[in-house]
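Student: Next come the chains, spelled out residue by residue.
There are 2 protein chains.
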Amino acid sequence: MTDNPKPLVSPLAPANFPDIPSIAGVRFASAHSGTKYNNRDDVMLAELAPGTTIAGVFTRSATRAAPVLDCQEKIGGPSDGGAAFFVNAGNANAFTGAHGDGSVAAITNATAQTLGISASRVFSSSTGVIGEPLAHDAIIAKLSELKTTLSADAITPAAHAILTTDTFAKGASATFDGDGGKITIAGFAKGSGMIAPDMATMLVYIFTDAKVARPLLQDMVATATDTTFNCITVDSDTSTSDTLLVAATGQSTAAEITATDTKFRAALHDIMLDLAHQVIRDGEGATKFVEIRVTGAESDTDARKVAMSVANSPLVKTAIAGEDPNWGRIVMAVGKSGAAADRDRLAISFGDILVAEKGWVAPDYTEQQGVAYMKNQDITINIDMGLGACTTVAWTCDLTHGYIQINADYRS
Amino acid sequence: MTDNPKPLVSPLAPANFPDIPSIAGVRFASAHSGTKYNNRDDVMLAELAPGTTIAGVFTRSATRAAPVLDCQEKIGGPSDGGAAFFVNAGNANAFTGAHGDGSVAAITNATAQTLGISASRVFSSSTGVIGEPLAHDAIIAKLSELKTTLSADAITPAAHAILTTDTFAKGASATFDGDGGKITIAGFAKGSGMIAPDMATMLVYIFTDAKVARPLLQDMVATATDTTFNCITVDSDTSTSDTLLVAATGQSTAAEITATDTKFRAALHDIMLDLAHQVIRDGEGATKFVEIRVTGAESDTDARKVAMSVANSPLVKTAIAGEDPNWGRIVMAVGKSGAAADRDRLAISFGDILVAEKGWVAPDYTEQQGVAYMKNQDITINIDMGLGACTTVAWTCDLTHGYIQINADYRS
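Those protein sequence lines, which keep their order, are chains L and C.
Position 100, counted from 1, in the first sequence is what our numbering calls 100; the numbers after and before it change by one each time, with no gaps.
Position 336, counted from 1, in the second sequence is what our numbering calls 336; the numbers after and before it change by one each time, with no gaps.
It should be emphasised that the hints constitute simulated quantities derived from the structure, not laboratory data.
Careful: at least some of the hints might be erroneous.
Because identical chains share one entry, a pair is satisfied inside a single copy or across any pair of copies.
For lysine to aspartate or glutamate, the following EDC-like pairs were computed, each having C-alpha atoms within a straight-line distance of at most 20 Å [stated by the list, open to error]:
#, residue 1, residue 2
1, K375, D409
2, K375, E291
3, K182, D364
4, K147, E256
5, K182, D270
6, K358, E132
7, K182, D344
8, K147, E291
9, K358, D300
10, K147, D219
11, K375, D137
12, K263, D352
13, K147, D300
14, K375, D177
15, K358, D342
16, K147, E357
17, K74, D137
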């Protein structure tokens, strides 16, 4: 058994885990299975009341983990009876062949039996080391303890039980007036390294008491993913386990959500963005939170190419770590992105400070301005391509000795 | 003025700069312009005899440096009269607007005048910081000194004068029997960071006394680039200055090279590969030289996607730095590559050691074998996709604290 090698809390962490209200129809429990970590819970169960609709998005990796493949098979199924989410931390059950598929079946069947629900409604996730067999017997042995401790108020320990190299638990919630009653949405996430989501990020669980039909919920989740979790990157490495699950219990007195309900859609988006930002703020070794705003691109695809090329450039990220306003590296990353670019129309700003335009350094820019700006913990890089009207935003962190330390020593 | 911040020689460096024979029709000179580095030459001139044919490949970056744009305009021109290559190190003259274009014109015109040749036959390169004006007057002031010291035997100091963050000069040569006389090819290169060439690498100059028509030389250079410089990556960041120039003086007594001459083609390829490998061995912070062999891919494009995804993965590269046989990260990088992949047909070996196959760890593989293998300085990762007959090879280095140190401190 190993302990988490990252002893410190990220300097970008929020002060506290937020106060998160309970969601009618959802109960949580967590426990210590002893399969990986000492002295902390490493399995989490969320029980969902009958009538809950479930939507999800998953990694597009060609080497997806066994539980992801299982979730993808189940996600479109009917919303009959109760449901559950089950998570273990420390072992990803990825690239574990037929044994891995067997572990997923064993865990989801045992969870179904314990809760008296159908196994087709149990969605499991595993996160941690790739390629090692999952000790599912030790995990299943915890199910009766988990069942007896289920509580509507246990979302905070649940959010902690799913962590691996994370230095803090990530949570967010919102309560607002629906049509005929209050609606609450609450969620939590884990993720710190191997973060360059492609459909969703590491593990994210969101719960609401709103009434939402499954196809509409799926559509809203997929749309919001494109501008939240799919716009973040810690290290350009896409996980084999990325999973985002959203459960709507329908127990609010508010009327059913419709496709034109902007309030619910916006609240869901904001919680997803908040959790995505928290994942970046816990990026392995991160000391800076970086927003990259691209405007004036010829196409949406080009805007994204530029944003992600800058966000994933080791030379840009090390310059930010060194508080060096090295805008030449941003020019380099724009140039290599594959997007249409015209050197003489490109403009780059740090926050409100115009740095470069018309193919060269801006006439009023001074190195001192750049150096002072780079001392901020939150950095905004604006890139105007000067070619069209398409825009995007991406978020990343810097690349530091901390990242090397964590990943040259820890087997993840 | 700053000194090179990388004090040590790469642990992967060859013992010595090779003995390189002179090439009939080529003379070299180098000097200290005082524009950037203390106590070392930082400008280089190669004078090429009348009749020399010149071929070249250049970065495809959309933010190419001014001298690259100038070279691209000139490269297809007629081989009339003498020619020259001119290089300054310390300033890339990239993203310097109209001033940058003016610097290129000033340097190439002054070189032409000094040597009594046409400016359309002077190919210049600049390497170093992006976005700072080039002090071309101080550089031009060195031209008469350079002219008077031109020597056929000065290739070694020339190879040293073009370095920036390099820790060693990179050279290679070959002499073989042509049809009617000996042929010699000799070349040198620079490059250490911002290495993910797209058409060519940083700066590479190759000289031969062979007689080769320009279109054939261009074709042979472009073909060999695809399997040499375009298959290496230090950090996935493509330079704004990548330039490879090859000059054939035609002064050997051997008959003119034809398209079917495999000896010359092979020798040129081998020198390019040798120089490309030396660039990786001088990768910023590198402690391991890594060869990635992909077989069984469905297409050439897929083979390259997989090789470059593994070669550029920060998690794979940090694992190698930590001598951790973390093959799960290779599975991850294959999965995210976008290439067709089947988890259950994929096989991964470290050298001759079969690590994973059929969707899981190989039955005879032990962690001890992997740990022992990873202690080697040269690492080979074999990835068989099990889907088709397409193959490729790529080369990279590990990602270490040294890379962070160099790039969080040094303005390049």
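Student: Confirm or reject each hint.
Tutor: For each hint, the structure was consulted:
1. K375 x D409: Classified as between: cross-chain Cα gap 14 Å, same-chain 29 Å, threshold 20 Å.
2. K375 x E291: within (15 Å within a copy, 39 Å between copies)
3. K182 x D364: Neither way: K182 and D364 sit 52 Å apart in one copy and 59 Å across, limit 20 Å.
4. K147 x E256: For K147 and E256, neither the intra-copy (30 Å) nor the inter-copy (84 Å) Cα distance is at most 20 Å.
5. K182 x D270: within (17 Å within a copy, 72 Å between copies)
6. K358 x E132: between (54 Å within a copy, 14 Å between copies)
7. K182 x D344: neither (53 Å within a copy, 49 Å between copies)
8. K147 x E291: neither (42 Å within a copy, 51 Å between copies)
9. K358 x D300: neither (23 Å within a copy, 39 Å between copies)
10. K147 x D219: neither (32 Å within a copy, 70 Å between copies)
11. K375 x D137: neither (50 Å within a copy, 36 Å between copies)
12. K263 x D352: Cα proximity of K263 and D352: none, with 31 Å in one copy and 59 Å across.
13. K147 x D300: neither (47 Å within a copy, 52 Å between copies)
14. K375 x D177: neither (41 Å within a copy, 61 Å between copies)
15. K358 x D342: This pair counts as within: shortest intra-copy Cα distance 9 Å, inter-copy 48 Å.
16. K147 x E357: neither (61 Å within a copy, 38 Å between copies)
17. K74 x D137: neither (23 Å within a copy, 70 Å between copies)
In summary, the numbered hints that this structure violates are 3, 4, 7, 8, 9, 10, 11, 12, 13, 14, 16 and 17.
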